[in-house]
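Following the hints, complete the assembly by docking chain B onto the known chain A.
2 protein chains.
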Amino acid sequence: MAQLPRGTISVIFVAQRTDADAAGYARAAAMMEALAVQQKGYIAMDSVRGSDGLGITVSYWTDEASAKAWRDHPEHTAVRDSGRDLWYSDYSLHVAEVTRSYDWEKP
Amino acid sequence: MAQLPRGTISVIFVAQRTDADAAGYARAAAMMEALAVQQKGYIAMDSVRGSDGLGITVSYWTDEASAKAWRDHPEHTAVRDSGRDLWYSDYSLHVAEVTRSYDWEKP
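As given, the protein sequences belong to chains A and B, one line each in that order. Counting from 1, one number per residue, gives the positions in the first sequence under the UniProt record's numbering. Counting from 1, one number per residue, gives the positions in the second sequence under the UniProt record's numbering.
All the given hints hold, so there is nothing to weed out.
The list cannot tell twin chains apart, which means a pair is met if one copy fits it or any two copies do.
Capping the alpha-carbon separation at 20 Å, the derived lysine to any residue pairs in SDA-like fashion look like this:
hint, residue 1, residue 2
1, Lys40, Ala69
2, Lys68, Ile43
3, Lys68, Arg6
4, Lys106, Ser89
5, Lys68, Met32
6, Lys106, Arg80
7, Lys68, Glu97
To be clear, the hints were calculated from the coordinates, so they are not data collected in a lab.
For reference, chain A alone in the conformation it holds in the complex (with noise of 0.2 Å):
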């Protein structure tokens, strides 16, 4: 958690997962964080699973361009056809630019 400057890329990912596949989910959700970071552009990730299945994942992006190649990565498509195949049954995707970001820490 940080603040972000203006102009930051946020992909917001909400997603309701099924039942099927937790094991090749889990290894899949592993690989796509440790891939991410390593992209040109990537800032950082909040990611939150609750107990029913739905899950909010928000990466942040330096442009526009950084997220968007990270969209159509190979590996990236490649995972993103197992959760329409197997792991989500509805999900919603949101690419929004930051306009005011704060931060806040228990002093």
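Positioned in the frame of chain A, the structure of chain B alone reads:
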């Protein structure tokens, strides 16, 4: 979960809960959600908390003025003070304007 119009304002709130005051927090969270949906310009909200206490809530608003009006709502402001005093150890808040939005549901 839904596709959002370009220009929608997303408010991304990422917060780490303390262990304190679970009942008070649950009451306030339910109250705030009920109040938010009544505000002018409110579109939707996605919210998840993990077992480690990390939570992400994203609320979506038709425009910046509506998002700011909700930020400045007196009851919301009062609850934010309790958040800092009791419920959260740290949080980030990012306001971002939607440029692209997708929605998928298993056929």
